[in-house]
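Numbering-wise, my numbering comes out as the position in the sequence shown, counting from 1, plus 61.
Calculated from the structure, these hints are not laboratory results. Treat the hints with caution; some may be incorrect.
[As the list claims (entries may be wrong)] Simulated DEER-style distance windows between Cβ atoms: (1) Met339 / Gly281: 58 to 66 Å; (2) Arg589 / Ile84: 16 to 24 Å; (3) Gly281 / Leu458: 41 to 49 Å; (4) Phe280 / Ile144: 16 to 24 Å; (5) Leu270 / Trp477: 48 to 56 Å; (6) Arg588 / Ile508: 25 to 33 Å; (7) Ala539 / Leu458: 48 to 56 Å; (8) Val94 / Ser293: 45 to 53 Å; (9) Leu270 / Leu167: 20 to 28 Å; (10) Ile540 / Asn333: 38 to 46 Å; (11) Asn333 / Phe280: 56 to 64 Å.
For every residue, glycine included, the Cβ atom is placed at its ideal position computed from N, Cα and C.
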Amino acid sequence: MSQRFGMKSYMKGAALLTIAALIVKVLSAIYRVPFQNLVGDEGFYIYQQVYPVISIFVVWTSSGFAIAISKMLADNDCIVDTIERNQRRSTIMRVVFRYLTVLSLLFFAVLFGGAEKIAQLMGDAQLAPLIRSGSFVVLVMPALAILKGGFQSRGIMEPIAYAQVLEQAVRVTVILAGTFIIMTTTKSLYGAGEMAVIGTVIGEITALLLLAYISYKRFGLKLTKLQLHPISSLPIVKEVTWLSLSVSMSGLLLLGYQLVDSFTIYSALIDNGMNPTMAKETKGIYDRGQPLVQLGVVIASSLSLAIVPLVAHLSKKQEGRSAVPFIQLTYKASILFGWSAALGLMLVMPYLNEMLFKTNTLSEVLIVYVFQIVPLSIILTFTAILQGYGKLKKPALFLMLGFLLKMILNVRLIGWLGVLGAAIVNDIGLLLTAILLIIYLKTLTGIQLASVDFYKKVGTASFSMAVVVLVWLQFVSAILSHSLSSRMVAMVTGLTAVSIGAFVMLTVIAKKRVLMEKEWYLLPFGRRMAVYQLWLNSKK
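Let's have the full structure, built from the sequences with the hints guiding it.
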């Protein structure tokens with residue numbers, strides 16, 4: 062990172078970027094609930110079929126190319142000679158922009174021109190207009206990546222944070238408002254799905270316009286002179302491609318799994334004798350798990366954004382404070398909160414399912430589906446830690462192995478078990494990747510990630526939460542079932558169970574001191590937990 066801006070300013074910007082990323086993730090998960098309520102399971106299926114196709118390019122731009130460009134420009138800023146530094150920066154920006162422009166035009170041609178073929182491969186020809194509308198998002202990719210990367214390389218994080226939040230806010234507003242209008246007029250489910258896709262495109266364009274405006278106000282419109290010593294373009298293209306894929310691999314992983322589901326589940330259900338309408342609704346119900354998983358990994362995401370940069374910094378230092386305690390803390394926090402979120406969702410799933418999505422259909426499938434929060438929490442944090450160590454190839458290989466397993470087993474297990482098979486394959490593929498990452502990091506560093514005592518304490522807290530929640534669920538639902546509607550019972554029971562379960566889990570964790578007070582202080586929003594733990598253990 063460039064040394065020409067202050068560390069205090071950088072940390073303030075990084076904190077703002079972390080908060081913005083969390084807001085975006087929460088919004089991205091939450092809007093799907095009212096959207097599903099508006100369009101039903103079949104309408105939800107329509108949107109979720111196309112969503113991963115479009116989102117892969119959004120993630121690759123925001124998490125991939127932007128970070129890759131930022132790193133390349135930041136490394137370039139270490140050059141002492143001012144003229145050479147500025148000329149090389151100009152060359153990198155120009156070469157990358159041209160490369161991304163060619164790449165985006167190629168992707169646009171494939172998506173727009175091949176929309177019918179892609180829809181046919183998914184088994185639903187009516188999806189073609191949605192794919193065609195969504196293809197326009199790739200045209201925003203070059204300029205957006207350059208602007209984000211340019212700001213980040215200078216340590217100017219605020220515009221990126223504002224753009225991310227604005228993009229998501231506009232996207233959600235367009236999706237929900239547009240869907241509401243369509244469902245109250247034409248009632249076209251595919252029209253509602255297309256409006257949702259268009260919302261993503263409009264959100265990206267809005268972010269681009271904001272960043273372009275801020276860039277113009279800050280830096281003006283500068284025309285750079287041709288350099289005296291031309292630099293080869295090929296090494297720049299290779300570096301930005303490899304870096305962009307490596308740093309965004311964990312973000313692209315879940316979308317890749319969803320993409321496999323888009324191409325296999327509906328077709329496999331039809332092949333196994335299910336009628337088209339029922340197959341669409343079944344896939345739509347299965348897709349209810351996605352926003353729940355997104356919310357479940359929010360804490361892991363915040364860990365990777367907040368702690369991992371510190372780990373990366375310390376791992377490069379030859380003297381002073383070691384990165385080992387922070388790696389151990391990251392692992393323990395990932396296990397603790399990933400498992401707590403997954404177990405909590407699994408316990409209340411029938412009630413949560415009906416409360417959010419109107420019915421409790423296929424709750425057993427969603428129980429299996431949300432277990433992936435545990436390996437995902439590990440994957441998100443460990444890939445980021447390994448990036449801090451400069452290790453990119455092995456983590457990418459492990460991610461690909463899990464993805465290949467998903468591709469190979471998905472259709473076979475769907476044939477045997479229906480959508481439950483797809484949920485099981487998700488867990489198997491992600492668990493494989495998580496285990497390989499753990500083994501690799503332990504081999505690389507030679508550290509013990511957690512003691513046996515840690516797992517015992519987490520087990521005790523989990524058992525306590527499970528017993529209390531299960532007893533509460535039986536008690537409350539029996540009392541309320543005679544006086545309230547089924548969905549109201551689910552809402553009251555589910556919300557109270559979640560609150561009680563979280564309280565019990567956190568209290569046992571604090572009483573057992575699963576994490577030390579000084580460790581809580583290092584975690585995002587952990588200060589209050591540290592105070593609660595001190596108070597709890599001071600009582601006789």
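Verification of the hints:
A hinted range of 58 to 66 Å for the beta carbons of Met339 and Gly281 is consistent with their spacing of about 59 Å. With their beta carbons about 20 Å apart, Arg589 and Ile84 fall inside the hinted range of 16 to 24 Å. Range check, Gly281 to Leu458: Cβ separation about 44 Å, and the 41 to 49 Å hint holds. Between Phe280 and Ile144 the beta carbon distance is about 18 Å. The supplied range of 16 to 24 Å therefore holds.
A beta carbon spacing of about 50 Å between Leu270 and Trp477 agrees with the range 48 to 56 Å that was offered as a hint. Distance hint check: the CB atoms of Arg588 and Ile508 are about 26 Å apart, consistent with the given range 25 to 33 Å. Judged by the Cβ atoms, the range 48 to 56 Å given for Ala539 and Leu458 holds: they are separated by roughly 52 Å. Range check, Val94 to Ser293: Cβ separation about 51 Å, and the 45 to 53 Å hint holds.
About 24 Å separates the C-beta atoms of Leu270 and Leu167, a value consistent with the hinted range of 20 to 28 Å. Taking 38 to 46 Å as the suggested C-beta distance range, the pair Ile540 and Asn333 conforms, at roughly 41 Å. The hinted range of 56 to 64 Å is satisfied by Asn333 and Phe280, whose Cβ atoms lie roughly 58 Å apart.
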